[in-house]
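From first to last, the protein sequence lines are chains A and B. For what it's worth, this note's numbering labels the leading residue of the first sequence as 714, then goes sequentially. For what it's worth, this note's numbering labels the leading residue of the second sequence as 23, then goes sequentially.
The reader is advised that the hints may include incorrect statements.
Pairs of lysine-lysine residues, derived as BS3-like cross-links and limited to a Cα-Cα distance of at most 27 Å, are as follows [said to hold, decoys possible]:
id	chain 1	residue 1	chain 2	residue 2
1	B	K77	B	K35
2	A	K755	B	K92
3	B	K77	B	K25
4	A	K755	B	K35
5	A	K755	B	K40
6	A	K781	A	K769
7	B	K75	B	K40
8	A	K781	B	K35
9	A	K755	B	K79
Just so you know, the hints here were simulated from the structure itself, not pulled from any lab data.
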Amino acid sequence: GESVGLHLPTLSVQEGDNSIINCAYSNSASDYFIWYKQESGKGPQFIIDIRSNMDKRQGQRVTVLLNKTVKHLSLQIAATQPGDSAVYFCAESPDTGRRALTFGSGTRLQVQP
Amino acid sequence: DVKVTQSSRYLVKRTGEKVFLECVQDMDHENMFWYRQDPGLGLRLIYFSYDVKMKEKGDIPEGYSVSREKKERFSLILESASTNQTSMYLCASSPSGSIDEQYFGPGTRLTVT
Chain A
714 GESVGLHLPT
724 LSVQEGDNSI
734 INCAYSNSAS
744 DYFIWYKQES
754 GKGPQFIIDI
764 RSNMDKRQGQ
774 RVTVLLNKTV
784 KHLSLQIAAT
794 QPGDSAVYFC
804 AESPDTGRRA
814 LTFGSGTRLQ
824 VQP
Chain B
23 DVKVTQSSRY
33 LVKRTGEKVF
43 LECVQDMDHE
53 NMFWYRQDPG
63 LGLRLIYFSY
73 DVKMKEKGDI
83 PEGYSVSREK
93 KERFSLILES
103 ASTNQTSMYL
113 CASSPSGSID
123 EQYFGPGTRL
133 TVT
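Pulled out of the complex, with its shape left as it was, chain B reads as follows (with noise of 0.2 Å):
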């Protein structure tokens, strides 16, 4: 079975905190995501990767960068946290160059105060 997890289920930060969410993959999949999810928003993607060191941005990047040094691990990175931050975030990935199934992870409920 495809294993896709992250780093913390739970988190609360503060205001200009730089944070990280750290997701992990098992099954050597090269593209990875990351989406912020808010009741009646669905799913917005903040950034993607298809390969180590290689990343795009998707429709909501402002705010946060990302980090790929490993096929199986793709960060997600707060420099400065802000209270609008405040969301579910879902990490996915899929295991082809092109478009297929995505597997998610748990999510990490993110409070900024």
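Pulled out of the complex, with its shape left as it was, chain A reads as follows (with noise of 0.2 Å):
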């Protein structure tokens, strides 16, 4: 899951195992949640989104999942390969009419052959 300080949480799993990353978000009023996945010496890249008027959103072997009530997301990683080790970040848009986004401090995905 998320953490605040210098360490970076981290989650290794087998190859073929799903993968679950976890992240707590501090503002209720947020309608707006992305995953990114940032690999080694590049920079961030989508992975999957969802709005506040959903609680589940699929796409290529990902799946997010958003419960208002605990203030938590998720995403899942089914059939977790080599490829999918990066570090994934969560990001929330507060409603406060920023146009902005903001993130946390990010998990490490380390998967094992």
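From these two lone chains plus the hints, build me the complex, please.
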């Protein structure tokens, strides 16, 4: 899951297993959430997004779940592959009129062969 | 494909120097953003712009300024670089006036000595 501070939480999974990365967000008024993947030496890349009027959205091998009651977001990756190894960030848009995202501190996913 | 480019991948500057980081996007996006990324802290918003000549402060604007003279270009300026500004700087753009997926550049790793 997400954490504050200098140590990046790490999730280690076996190739072929499913991965679940968790994120707790802070603003109950946020209405847009997004997951990014960042590989070493690259900028973040979009994975999937979800708006607050939904509680689940599926993409190719990925699913995002949103629980507004407890302000929790999760990213599920099916049949994890070595190429999924990266740092994953969740982000939210606070409902203040700002057109900007607030990012979590990230989770490192390590896929063991 | 959307392309966001940053003028340098690596930059080394001395304390007190004025530093310009350039970002260009080729998809006619209205919104552009500058973030810095530090280990364990995720991405923190420095400044953003939702139109030419418009700018808004993000969460950590101190020590930085920006310029948006043309729609496709958004510059980050460090007026007098300091060692605590050593970081990875990421530029992003998004296509509309509302919250939407942001597209990131590859980043500039700035070292201030």
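Each hint tested on the structure:
A threshold of 27 Å between alpha carbons decides the hint, and for B:K77 with B:K35 the separation of about 25 Å falls inside it, so the pair holds. With a C-alpha separation of about 26 Å, the suggested pair A:K755 and B:K92 falls inside the 27 Å cut-off, and the hint holds. For the hint linking B:K77 to B:K25, the alpha-carbon distance of about 22 Å falls within 27 Å, and the restraint holds. The straight-line distance between the Cα atoms of A:K755 and B:K35 is roughly 22 Å, inside the 27 Å bound, and the hint therefore holds.
Between the alpha carbons of A:K755 and B:K40 the distance comes to roughly 25 Å, so the proposed pair stays at or under 27 Å and holds. A threshold of 27 Å between alpha carbons decides the hint, and for A:K781 with A:K769 the separation of about 11 Å falls inside it, so the pair holds. Annotation: proposed proximity of B:K75 to B:K40 holds, straight-line Cα distance about 21 Å (limit 27 Å). About 45 Å separates the Cα atoms of A:K781 and B:K35, which puts this hinted pair outside 27 Å; it is violated.
Proximity of A:K755 to B:K79 is assessed by CA-CA distance (about 25 Å); at most 27 Å being required, the pair is judged to hold.
Violation of the numbered hints given earlier is confined to hint 8; every other hint is satisfied by the structure.
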